[in-house]
Structures are given as C-alpha cells and as structure tokens.
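Student: Listed here are the chains, written in short residue letters.
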Amino acid sequence: MTRELLEGNAAIASAAIAAGCRFFAGYPMSPFTGLLESMSRELPGVGGVCLNAESEIEGVNMVLGAAAAGTRAATGSCGQGIALMQETIAEAALNQTPFVVFNMARNQQDYFQCTRGGGWGDYRTITLAPKDVTEAVAHTQLLFHLAELHRAPVILYGDPLIAQTRVSVTVEPVDHGPLPDRDWVLDGTGGGTGRSRQVWTWAMGKATDPGPGPDRHWRAVADKFDAIAATESRFEQAHTEDAETVVVAFGTAALFVEYVVEELRAEGYRIGWFRPVTLWPFPGAALTAATTGARRVLVFELNAGQMLDDVRIHAADRSAVRFVGGVSIAESGLAYGDLMDAPVIRDRILAVLPGGPAA
Amino acid sequence: MTRELLEGNAAIASAAIAAGCRFFAGYPMSPFTGLLESMSRELPGVGGVCLNAESEIEGVNMVLGAAAAGTRAATGSCGQGIALMQETIAEAALNQTPFVVFNMARNQQDYFQCTRGGGWGDYRTITLAPKDVTEAVAHTQLLFHLAELHRAPVILYGDPLIAQTRVSVTVEPVDHGPLPDRDWVLDGTGGGTGRSRQVWTWAMGKATDPGPGPDRHWRAVADKFDAIAATESRFEQAHTEDAETVVVAFGTAALFVEYVVEELRAEGYRIGWFRPVTLWPFPGAALTAATTGARRVLVFELNAGQMLDDVRIHAADRSAVRFVGGVSIAESGLAYGDLMDAPVIRDRILAVLPGGPAA
Amino acid sequence: MSRERITIDTSGPPRVPARKVADPRPSLLLGEHSLCPGCGEPVALRLLLEVLQELDIVQRTIGVVGHGCYGSFVRIMDVDVLQCLHGRAPSCATGIKRVRPECAVFTMQGDGDMANEGLQEVLHAAARGERITCVLLNNGVFGDTGGQLTATTVLGQRTKTSLAGRDAETHGYPIPVADLVAGLRGSAYVARGAVSTAGGVAQTKRMLRRAFETQLAGAGFSLVEILTMCPTGWFVPANEGPGYLGGSLEQSYPLGELTT
Amino acid sequence: MSRERITIDTSGPPRVPARKVADPRPSLLLGEHSLCPGCGEPVALRLLLEVLQELDIVQRTIGVVGHGCYGSFVRIMDVDVLQCLHGRAPSCATGIKRVRPECAVFTMQGDGDMANEGLQEVLHAAARGERITCVLLNNGVFGDTGGQLTATTVLGQRTKTSLAGRDAETHGYPIPVADLVAGLRGSAYVARGAVSTAGGVAQTKRMLRRAFETQLAGAGFSLVEILTMCPTGWFVPANEGPGYLGGSLEQSYPLGELTT
Amino acid sequence: MERELVVTGVGGQGIQLLAKTLALAATREGRHAMLTAEYGGEMRGGPSRAGVVIGDAPLRSLPVLASAWSAIVVHHRFSEPALARLRPGGPAVVNVPLVDPASLPDMTVHPVDATAVARSVDAPQAIGFVLLGAYNAVTRTVDPAALVEAMTELLPPYRRQHAPANARALAAGAAVPAAPVGLPAGVAR
Amino acid sequence: MERELVVTGVGGQGIQLLAKTLALAATREGRHAMLTAEYGGEMRGGPSRAGVVIGDAPLRSLPVLASAWSAIVVHHRFSEPALARLRPGGPAVVNVPLVDPASLPDMTVHPVDATAVARSVDAPQAIGFVLLGAYNAVTRTVDPAALVEAMTELLPPYRRQHAPANARALAAGAAVPAAPVGLPAGVAR
Amino acid sequence: MTTPDDTVRTSRGTLVIDTEKCKGCDLCVLACPPEVLVMSAEVNEMGYRFPELTPGCTGCTACQMVCPDFVFSVYRLTPPPRPSGADPSP
Amino acid sequence: MTTPDDTVRTSRGTLVIDTEKCKGCDLCVLACPPEVLVMSAEVNEMGYRFPELTPGCTGCTACQMVCPDFVFSVYRLTPPPRPSGADPSP
Ligand SMILES: Cc1ncc(C[n+]2csc(CCOP(=O)(O)OP(=O)(O)O)c2C)c(N)n1
Ligand SMILES: Cc1ncc(C[n+]2csc(CCOP(=O)(O)OP(=O)(O)O)c2C)c(N)n1
Ligand code: SF4
Ligand code: SF4
Ligand code: SF4
Ligand code: SF4
Ligand code: SF4
Ligand code: SF4
Ligand SMILES: [Mg+2]
Ligand SMILES: [Mg+2]
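Chains P, W, U, F, A, X, R and D supply the protein sequences, listed in that same order.
So in the numbering used here, the last one in the first sequence is 359, and the numbering has no gaps at all.
So in the numbering used here, the last one in the second sequence is 359, and the numbering has no gaps at all.
So in the numbering used here, the last one in the third sequence is 260, and the numbering has no gaps at all.
So in the numbering used here, the last one in the fourth sequence is 260, and the numbering has no gaps at all.
So in the numbering used here, the last one in the fifth sequence is 189, and the numbering has no gaps at all.
So in the numbering used here, the last one in the sixth sequence is 189, and the numbering has no gaps at all.
So in the numbering used here, the last one in the seventh sequence is 90, and the numbering has no gaps at all.
So in the numbering used here, the last one in the eighth sequence is 90, and the numbering has no gaps at all.
Honestly, the hints are just simulated from the structure, not real lab data.
Keep in mind that a hint or two might mislead.
A short, non-exhaustive set of chain R residues, derived as facing chain U with CB atoms under 8 Å [stated by the list, open to error]: (1) PRO34; (2) VAL38; (3) VAL43; (4) PRO55; (5) THR58; (6) LEU77.
Which chain F residues face chain P? A few, computed with CB under 10 Å, are given here [claimed, not checked]: (7) THR7; (8) ILE8; (9) GLY87; (10) GLY118; (11) ASP144; (12) GLY156; (13) ARG158; (14) THR161; (15) PHE235; (16) VAL236.
Values in this document were obtained by computation on a predicted structure and should not be read as measured data.
We put the beta carbon where it would ideally sit given N, CA and C, even for glycine.
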C-alpha cells in the first residue's frame, strides 16, 4: 500500500479492516465520529457491515452478537458513550466474547474507566494507549489479535490528537501469529446435536452437559486475566538507567514528555521517561526497574491523577512519586486545554527539579 | 421508635426516609429488590414519590432530576444495573447533583466500580461499605448528609448479607449538622429574572453571566474531591498497635475477619484487623499507620483482588501485602459462595502465618 | 371424594392399537425446567422448539435469550444460544443476523426485558426491519424478581410495587408492545397469542411459525407477543392463572395478528 | 443587479406613525446563539420562549435540554435549566415534575437525542402520562456531530453515514416519533409542526401553546415534534433548507395534531 | 446469651416463614434477633435454609453462622451443610419420616411427624408451624402466644385466612415433644 | 528537514481545506506530512487554526506545535497564540488588509490582498487558495501542479465544480509575491 | 361432572402421564373438554398431586397443549373400540 | 419580481433590520409574500449579505417568523399613508 494522508480516525479504520474487522456498529461522538464515518464508507466495499447503531448500548450489543457469531467486530465512542457500554464490556469479558472498543476520548480523564472499568465483576480490559497515529494503526491491528487470542474485549484509548490529526501513513496487514480454535463460535450448527453451543456469563452449561457455573467460571476468567497481566504488558522508556528524575506519561502526553525530556537531557539534566504502552496490564515490574535509581518519579497526565495510582503501586520508592499533570480542557470540552503543550510541560517539570541541569 | 425486625433492605428504606429522602426511583434486581419494594410501600405515606423506573438508566436520571429540583432522592441496584448508571453518576458528580445510590451488590466484585467508576472524567464517589444492617442504617443517614454537604452522588455498597438479613433495629432521625445554602436548586423561579439557574456539567453559565466553563469547573470539582479525600475517610481497626499480621477487609467480610482475628488473638496470635469504612476516600494514612509495625498485611476480599490496589498504595511496606481473598459465588450467582465463612477464612489466614500463635 | 372413580392406566403406552398424536416434549429439550407450577413460559418454549423442528431449521438457528424466568431455558434448549444482558437481545440478534444472514435468529424475552429495560432495542430493530424473530413472553410482571410492576402490568393489577393495584395516575398506562411494533414500517409480521387455553396454544404456534417463515423469506422484522401465566407473580393459585390472564392481560392486549 | 432599487431605511424605528407588531426576539433571550445560517432550531427556541411568556409561567418553568446543536441554548434562555445527558431529558423531567408538580416542565431534544439515544425514555414517559411537555427538534440528522444518519433520517436522504442515501434494506425505515407517542394512552396532546414557512411557524407556536396548556391542566403527556432545517447536515445551501424540508421530512412526517 | 437455630429443608416447605415467625416473636418480646437466609436461584424444590439467632443484647453472631446450637430439620435433602455446623448436645426437632433421627447422632433429637400432626388439626399446609411449635416447646425460646401473634402479623392480607389453621398447627406441634426420644412421636396411633 | 506552517483565521474561511491541500500535495510527492487541527465547539466565526508539518523522513514534530517556521495569517482575530510560536525570520503570508503586516515584526512578511486577488480571477470564495498559492511560491514547498491535484481530490463530489476557480486562485496567488515587501501587494492598482 | 354412567362410555383416546414430572397446577384438568382428567389424592415425590385419566378421553391433546411440565403423551385409539353399554351420545 | 412600478406602491408596514445579526441565509427573502426583501450587495462585519427592504411591505411579519437570527422588528403603519401614483392594485 502507498502512503496516504489520513486523519487518525481514517487510518485506524483502515487498520481495522486490514486486521479483518468485518462488523462495526457505532454512534457519533466527537472526536470518534470520523472513525464511524470511515467504517461506514469502507466496510461495505470489503463485504463487511457497518451499522448506524441507534445508541452506544445498542451498538456494543450488536458487536457482542456479531463477535459471538465469529466475526471480527468493533465499536467505539468516548467518555459518556463508553460509560454506557460498561455493562456490556464487563459481560463480554465474562462470557469471553472478543471485540475491540475504540475509545477515541476527548482527553486523558478516562484512565480509570479503561483500566478499572465501571462494569461489574472481576474483569479487566487490555488497553493500548498509542502515542501517535502511526502507533495507533499498529495497535489497532495488534488489538484484534489480542482480543481473539484471549477471547476478551479490548480497548484502544486514543484522543483528539490521534483521532483528528492527519498524517502520511501506510497500512498493511500484519501477521501476529497463530490463534486458538474458535470452537465456541455460535454458527447455528449445534442445534439438535446434543452439543449445541452457549455463550453465557453464568456458564451453567446444558442440562446434558453442565458447565462450570459462575463460581468456577468467574474464577477461571480472573485467572486468565492474571495470566494476561503477566505476559501482555508493554512499555517504552529512555534514559532511565542513570536518571535521577523519571517522568511517566501515557498516550499522546508521553510524546510531549519525550520531546521535553530529550530537550532537557540535551541540556544536561539526568532525566528519563517511561511510558506504559498497555495501561492494563500496567507494566509494573518494568516501572519498578526503571525507577530503582531515581530520586523523583514525576507523573504527567491530563487528568486529576489516575495513572498515579498505578505508579504509586509500582514505583521503586513510593515516596518519590510526584504528580505534575492536571485537568486541562478546551473551552469546547472536546479537546485538550493549554497543558498539552511542550513549553508548559517543560515548565511543570522544571518547577519540581531543584537547581539546574546538574540536579 | 421501637425495635423492629426488619430485612436489611427495609431497614435501609426506613433510614432513608428518616433522613428525609422523598423521591426514589428504581428497577428490581436481586438482592436490591426489597429496598425498592419497601420504598414503594412507605414513601407515599410520608408524602414522597416512589417510581417504578422502567430501567436503571431511567431511574437514575429521574433521581438526578428530582435532586436537581432540590429533593433528597435516591436510587439503587447492583452489578449490571449500577454499571448502566455510570454515565449518569459521573454526570451528577460533575454537575454537582447530590443523591444516594444504594448498591445492594451480589458480592464484593464491584469495588473498582464503586471507587474508580466507569463513568467519564475526573470524578469520585464517596462510598460507604457497612459491615452489618445496623451500620447500614447509620450509613444511609450519613450518606444523605454527605451528598448534600458535598453536592455529589454517593454510594452505599451493601451485599446480600446486608440486604436480606433480618435483624431487630431501631431507626431514628439523626442530626448530622448544618448544611450549606441550596441556592443552586432548580425551582423555576429564576426564569425571566436575568439570574435564572443552571445545572450543567459544562458550567458555561448564561450569556449575561458566563460560568467558569469546563476547564475551570472540572478542575474545581477535582479539587473538591481532593478536599473530600482529605477529610471524609473513615476506618475501624483493632489490635494493630502490636500486630505482626494485619488483615484488611471491607464490608461484611470485615465482620467475618474481625470474628476470626479475635478468635486468633484469643489464642495468642499477634494479629489485628483494619477495615476501611469509606472505600473512597480510602483511609490511606490510617492504613499506613496501622501497618507500620506489621510484617504481614493480608487482604481479604471476595473478589480477584481489587481493594488490593489501595492497600498496596498505602500499606507501610508494600512488599508485606498478601492477598488471601478470592472470587466466591453461590451457584445462583446471587450470593456469596463458600469463602464467606469464618472457618474457611480462618484457614486462609493461618495458611500464610508461619508457625503457631507465637509468630 | 367418596364416589368410586374408574381410572385408566396411564403409566405406559396403550396396549390397544393406537396412534401417538402428541409427544409430551419436543426432542430439542435437554432436561427439566424449574419454573413454577402453572407457569406459561415453558409452554411457549415448547412451541418455539417444535416450530424450529417442523421448519427444519434447527441446525441453522441461533437464539438470544434475555433475563427473566425463561433465562434458565438456556440450559435445556438444544439450540446454539447467546444469553445476553437484560433488554439487549434484539441488538445482539441484529449483530448475529447481519454476519450470518443464512441463520434463523430469534430472541426470547419477557415483558420486563422487552417493554422495560429494552423497549428501545426492539423498536429500533423493528424499524430497521431486521430479519429476526422476537418472542415476547408477556406476563405483566417481573416474575423472576418476585412480581413487581412492569410497563405491561395492566390497570388495576396488584404487584409488589403497586400494592393497591396499577393506577394510571401514579404508575401510568400499560404499553401494548405488539401494537407499537406493528406501527413501524420495518415490521413484516406481528401477532399476539396466549398459552392460557388449548386453542390459544395452537394459535400461538401458528403465529410463531409464520414469524419464522417471514424471517426466512427475508421480508423483515417479526414479533410474536405471547401472554403467559405467572401465578406466582400474580399471587393467585396456579389453577387460577388462565382465568386471571383472560380477565386482565387479554382484556388490554387482544389476541390476533396485527400486520396484514 | 444593474436596475436601481429603492431601499427603505430600516436602521431605526419608522418615523411615521406605526405600531410594532413583532419583536425580533423574546425578552427571555439572554444573548446570541451561534448556530448555522438558516438553521431552524433558533426559530423553535423563540416560539417556546414566547409561549412561556404568553402563558405567564416563566417563573415556574424548568427546562431540561439534551445534546445537540440546541444544547448551546442553555446559555441564552432565561429559564431555570438542567442540561442533561444525551437522550435522558424525559426521565430527568419526570423527576423534576414529580417533586415540583406546580412547575411547568419541558424538554428540548433533537431527533438524535429523542429518537435514537433516548427513544425509550420518551415512550415510557408518555406511557406513564407524565405531565411534562417534550419538544422534539427533528432535522433528520445528528447536526451537532456533522450530519450522520439518525432514526428519523428519511429514505433516500444522504448523510455522512448513508452516503448513497438512506436505503431501507441496509439502514431500515425512519421512525415517526410523534405517531408512536400518540399511540400511547398516557399521551394527552401530540402534534407535529415545522418552521420552514411562516405559516408553519405560526401553527407550531399554537401547538406549543396547546401542549403547555395540556400540561398545566394536568391532562397527561404532551409532545410537539418540530421539523427544523439543518442545511449544514443536509449539505445544501441555507436558502434551500425550507424546500428540502418540504420535499423530504415533511413527506414522511405529515404536519398536524395527532391526538383528538 | 445468644442462641442459634438452623432450619433446613427444600423450597416450598415454608421454612422462611417459620424462621421469620420465631425471629419476629423474639423481637416483639424486646430481644435481639437476626434471621439469615439463603435463597437458591430456582423457585421451588431447591435448598432452603434459614438461621435464627436470638439474644438479650446486640448480637455478635455472623450472618453466615459459624456454628449453631439447635436445628429444625424439615427435609433431609440439602441438610448436610447445615447439620455439620451444629454444636453437639443441642436440641434438634426433626420431621419424621422425611428425616432420619439417626442422622443427628450428637444432638438431642425431638422427632415430630409434622405431616400427620398437621393433617390431624386440619392444617395440612402448616407443617412448618407444627415443627416450630414443637421447637419452642422444647427450647422455651418465646411465649407461645407471641408466636401466634408474629405468625398472624407476617401473613400478607390475602393469606390472612390461614391464620387459625397455622395457630392450630403451632399448638399441636407444641403438644408433641413429651421428651426427647429415639422414636418418632406424633399423633396417637 | 521538517518545516512547520501555522494557518490561523476564523471558522468559515477555508483554513482546514487550505492546510489539507498542502499536506496532501506533500504526501503525494512522497514526503511525510502532518496536519494538526483545532476545531472550536461552535460552528462558525470561532477560531480556526491548522498546523502543517512537512519533512523528508518520519516526522518528530508534536501534534501541538511547540514552534513553527512559517505562517499564513488569514484573519487577525484569534491569531495571537499561533503567532507567538513563530520562530523569527521565517516567511509569513498575510491577508491584507484584514491582517496588519506590522503585527509580525520578526517575520519575513508577504502581504497578499487575497480578497481582491480572488475576486480578480472570479473566484471570490477561494481566498484561502490565493494565500496558499502565494505561500507555496515563496517557500517552494511542493510542485504547484501537486497543489491543484490535491485540491481537486479533496473536494467532495458535490463541490467538484469549484475546482477550476480554486485552481485559478492558486495560480493568481502564486503570481503575487514578487518580493517580501512592507506594503501590501495584490492586483495592480 | 363425571357421572357413573359417563365412566363407561367410549374413549377415543388415551394418555401416558409422566406423573413424576407433574407440578400439580391443574391446568390440564381445566383444559380437558370432556372433563375426564381429575387430580389424584396422592402426591408424587415432589409433593404434588397429579392428574388421573377417567374414561372418555377424545385424544384431543388439549391437556398436552397446556401442560407446562410436559407430562402427557396423547394417543388416538384405532380403530375406536366399540361402544359398550349405554347409548352413545352424539 | 419587483418592477419599477411596484417600488412606489403603498407600504402598509415597515421593518427595523438589525443587519449585524444577519447570517445571510435568505430565508426571509423566500418567506416574504409581496417579495419586497432583497439581499444586499455588501456584507456585514461577519461577512454575510443581509436583507434590504423595498417598498410594499405589508407588515405581515413572515420575515420575522422565519428568521433564525432574530433580525427583524416589524411595524404596521397607522394610518396607512395615501396611495401616491399608480392605481392601487386590489
Ligand atoms: C440490568 C439488569 N437489571 C435488572 C436485572 C434483574 N432482573 C433479572 S430477571 C428480571 C425480571 C425479568 O422480567 P421479565 O423479563 O418480565 O421476565 P419474567 O421473569 O417475568 O419471565 C430482572 C428485573 C438484570 N438481570 N439486569
Ligand atoms: C451518550 C452520548 N453519545 C453521543 C453524544 C454526542 N452527541 C452530541 S450532540 C449529538 C447529536 C445530536 O443530534 P440531535 O439530537 O438530532 O441534535 P441536532 O444537533 O441535530 O440538533 C451527538 C450524537 C453525546 N453527547 N452523548
Ligand atoms: S415467577 Fe412467574 S414467570 Fe417465573 S417461573 Fe414462576 S410463574 Fe413462571
Ligand atoms: S448543524 Fe444543522 S442543526 Fe446544527 S446549527 Fe447547523 S444547521 Fe442547525
Ligand atoms: S387428550 Fe383431550 S380429552 Fe384426552 S385427557 Fe387430554 S384434554 Fe382430555
Ligand atoms: S398441567 Fe401438567 S403439571 Fe399441571 S397438573 Fe396437569 S399434568 Fe400436572
Ligand atoms: S413584514 Fe411581511 S411584507 Fe414586510 S418584509 Fe416582512 S415578510 Fe415582507
Ligand atoms: S432570515 Fe434573518 S438571518 Fe436569514 S437572511 Fe434574513 S435576516 Fe438574515
Ligand atoms: Mg414478565
Ligand atoms: Mg437532529
């Protein structure tokens, strides 16, 4: 494929289709809307279906149905819309239906929503937070693989800078390796065989072939998430080996932090940065290692301090953790405010560094 | 009032009414249903209104409306039903509408739901987790006060052992002290005055009297929650002064843990217990103090490890934290499984204590 | 009690020449249900399974079941099934049907599921003309939670949350789901039956059959509302269920086909 | 262009004897709106505010406004207002009305808000016979998000998510909200107007007035669906808005009163 | 002093009502009572269990009883977990012949043929009240009159007509347990 | 090398389309481009800003530009934040008389009376393309033909008929900037 | 009402009744057109009374249709047994 | 179509036009029954053309009714000025 100038939303849509997504249902909400529009434009051409779901709840349940029937499927929204999907995302995690949720958020204030959720029960959602459009394309393709590999709903946590920035990108199918059998798929052929299939959060099974029931099933699902936590965390870092100050940031904010930290590094500051690429599972062990020698662990996020919890849990020395982020919203409510800006971030970091570069 | 034999749900309903609740809207869901039934039976008699909301989302929005109009109001549900309310709970936190949500949960698997939520934006919900019906009655009354004091939705996190256990209780009105002016209440009288009122998450104000807008307003709300975190945390503990082992548990599980720990203490073990009464704000400083001398901090909760995060953040020594809880569900899915039982809990605790009482 | 009664031996097949004209249970049933004595829902289940068999679509059918007493049928129907969230069955069924158009897709929902929690789901699916068949088991109460008022509870009906009977002033009017659905252009077949009499049972089965035929013909959305007895939620003895149904639900919700 | 034109001075009040017969804006308007040229929604807002004033209920009215372009009206109406979540206005209004029965309570919602996200809310409120007045601004698109298909987009209409025009096969049929609502027993007054012509504007205002009168009389639920132009979401020049409305929305949604 | 009672049987036997009656009677007498319940997901025929704790001061018992002093065993099915919690020596009223008294070797067993007793007073549905009457006679937990009052109060309006039959059952049950014996007592035969 | 352009003006002036055209033209030439956008919540008359970055290798610029090399200033209103980011010495094409060239003292200013130029080629709606043509003539960022192609590609089908007028505007704009002067250039007068 | 005379009239159908499945709801008794089903005095394992068949069954399947617990198999007797005794009513 | 003759016929009404509020949508022009509104050649501060009134206004308020931007005050002239010139059309 040639390089195209694509809005992030359109690039992600291309990536989803390249990853085999053939069903999409969504409801407009800025800045996610462009992704829905791209899907509605592109999917029919590849034999897929894009539905204008009448609401987020209906959309995510259509997707749950399509996914249970064996199709790679996705939905998306942001903020309030994702809040409305909580019940269903939890349900899918517990009944093990794989699909992708594109959370093209308005800001970074939904870290808890993605990583702890407001669904019910013991479930987790793999959440990738790309730093730019190019990475969002890669993450999208990876996510369809992870969803199916682990039979779970997964989240891409984007933002306006991902959704609405246009960049030159190339989208090509990626092979992420083999996947397990899909013998759980509902295709209708089980009827009358005595071995008809069932997708059911309670996992009671059939009278002739009882399932584990909720006690054992939910424990098994919790164990599965523990296993995912142990293997699927991803991160990126630089200069942490000798850094006295490590700045932790996720998503596009990490791009800004990287920019500022590299600048400061060039000026002689012993500073490094750490970025959780997966917000869940949080790369805790890596963060512990990255902060072992640090005197200061700064957390920069565009919210009131949410990832802060995970950093506090995993920083080598909890007392070294300082929050330097904050809530910052454009007047429209639809984008970041002034804080998402390299010079401002630079000032915030310098404000907590005692003295000059030597420190 | 005389002592009555009341099911927890009915006792809570009485307490709500004693606390001035005059509007309730809810949708049946076990084990919350009895609370709705009690409200529908009792509220009309005191001049209140109880609506059979057609769904949880409609219910919580009716309550938001009634509360915005200045009435003490509440809703409730559990698990999936609370998941459906996430969008609205977040909205109410951000537009500062006070009401109470009775989460009569099926188990302890919704700790994240209560404490981190799946709504959107930087909001928190004061969450009280009573250990028994008597305390649930007290908490209910306190919560109506806290909701109005802080202009925020708040949660009572109960469970089947609270909802469905019948005990002899006395419910009497309690005076929790003065409350701020309610000049924000929508009563219709603002129209045409040039100073009409507005309840709006975006806080844009009127053209003639602009509001702070989302950037400043959401930051102010986040600051308010920081202030609440600093003042409203509540806890209970025993024997932590000299305990080598501190067991942390919340809600009814804490009652069992207390029972077992007291037993072990009587047998000579240097063991104590700690119970966060508010799940949010989590009594972090108190936990740090309570675990400063401990070699082991055991976390017992009936889920896959959710409060565990908060304990890790606040335990004096993170590496001392051990999880001894787990997912445990009745076959019906509607109640706890075998793990909620004193002898079983005793075994779990003993399994991690090296040697006998001396240890 | 005192009069002698001649009782015929019914412990095994007759020893005289005879032709079996009705089996107790469809072969797609995998076990016993645990619903209350006199409940109407198991009858509806039987009809549905018989229709699938008679249309010979058993091996290309996918069911989506909501939350209510009928939810436990998931354990005993030998059909591929998704147990979905309360109210969401029509959306799940939509997703399934759109990616597997060759399958027959149905939902089984109660009045609480369809007229309360998920009213919007079924109406939107009908308006879209989704080629699915929705089956509404309408007993006018939340049976599974013990008998509270739903959006279809009829005026005057006592429930645990309308102790003095449903009163329009306070609780509003009942919603005739089938009529509402029939008013949407995407609806190709809409009918209302009842399982309170043998005739009603036979008629309901014909309705279910036509609904699935409509779906298979690709004509659009189909819905069969089935009035079912819930003696437990109505607080009447099991044997008063059919009479109660006839005097209450059936008065508000006349039986018959609503599309032409 | 080339012909000379006599232009009357309209910069100030006439200097000849004259009687003012129409004010540009109701006094309840606090400032400018920022909606697109040719948008129909501000006209509906004006009518609503004028009716409140004429009925002399301004100081006992509470409005509940949903999410759509009209959402920004919250800043400019001098009325106590709750800005609620997308689709939820009828429920919020219910809560308000039940605790403040002396107030007039209205909602202002778009088609996306009422027919998509919140269809169930308005139908349940209507069935309950809530004494509130719901105002639907129906332009057949999500205007605020740039013109995508809603549940009321008419057949053939091009939107950003129905590029080839709404096609029943793929996107289903449009939902006539007022008709659906009128079919529920709790509905006391339901009507559909349009602001695309001066006559339509006058008729719509009468409808709004009757709706509020119905509410104040305690007769039940009332709804006025108002067809409004959205040239931006229809991708037509502003001056083609009224014609487009007449040829599309109005064909599917006939104007008039739906209750008797 | 806190005394615990476990009641075990199958759904539909009136177990919850029986337990509720005892707890309410105690509350009405000014004592502290707790009634714990376990409902199965299924409507009938599944396990039904209740625990009643009565004391003179605010209770310390857990809502899932760690152990219990006494029992009423209405049906043998599903009874095992409840019986395993009984402290030896306490009283157990058991419904014979549905329950085998020998299955409670360490308890002071009071067998009652509740079905027969109930039928004998023309209250065939009131098996649970027969057993409760017997239990109360053995343990003297509350005033028998308090039981009748509590029972009557607990009946919903549309079941009020059963009150007299239930009262007869309570009385008939109270008349049974002369002494704890190894053989089923019951109506004279 | 990465070069940044900021475009600033008010909603409805065609700013997004102008910026998109440049970025697409660069992409079509095989370069790397990024287009950042800020949309106000309001539909018209609010601030409209875009940033374009073009380079020969994968870009390192942030999606909120920390600083920029060049500018196109279409309207003075709301332009302050964008202008504050300009690195001194770079080229700035400004729309006179709506913008005062003196407001960019440190830049190499190229004033263009875009309204007049656009009207002169009978393309009154294409002010943005006049300025883009001028900018490209000054900076030689892409082949002028690539701009015309990109512009045409970006028009939705129902606006395709505007392509020739836009092309005229691009060409007319390109013809303006003889040299960066202190006085507005434009149509001969 | 079943009279002694009725009990000997013709049966055109008969049943197999799986009494252990019965939950005693009575619906079959109410539904049977010739009123030939009566509830037992005894109860089954679950404690429910169940229907018993008296002569006169027509094999109409009404009982099977309405039974929520799938208790009945219905048979039509072929050829119908001769009338024995009283006048066959029309 | 406005002809030179029309321009001098009677006006029964007149307007105040708040041109700076206008967004140039043309709806008033379309709505005016006697077609006496025409769009300006100039634009206002926001860049929009706005309506101008030519003689013949009846004061019917149609323009005010349809205008989304609340631009018009409408007046009825009292007493109506005498016809001057050509035959008053009926
Ligand atoms: C979101 C949600 N809310 C509430 C419930 C609780 N719930 C389970 S079944 C049920 C009642 C269902 O009623 P209906 O659909 O009429 O079925 P019935 O039991 O009457 O057959 C309810 C409210 C739930 N499971 N999920
Ligand atoms: C839960 C939720 N989903 C989506 C949105 C995004 N949203 C805001 S306005 C709007 C469109 C509203 O359309 P409509 O009600 O028809 O109003 P219009 O803009 O057409 O006047 C949408 C989808 C939202 N705010 N909340
Ligand atoms: S409660 Fe009602 S619907 Fe549920 S099983 Fe019993 S009778 Fe049937
Ligand atoms: S987008 Fe449509 S509805 Fe919104 S302001 Fe513009 S014209 Fe009006
Ligand atoms: S088959 Fe018909 S006649 Fe025979 S017992 Fe059944 S209902 Fe009665
Ligand atoms: S209908 Fe079925 S369950 Fe009911 S009594 Fe008759 S045989 Fe038994
Ligand atoms: S008042 Fe009537 S006649 Fe006069 S300009 Fe307006 S629309 Fe035309
Ligand atoms: S209708 Fe109003 S906004 Fe539109 S052109 Fe006329 S005066 Fe201007
Ligand atoms: Mg029901
Ligand atoms: Mg709209």
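Student: Out of the numbered hints, which ones does the structure contradict?
Tutor: 1, 3, 5, 7, 8, 12, 13, 15, 16
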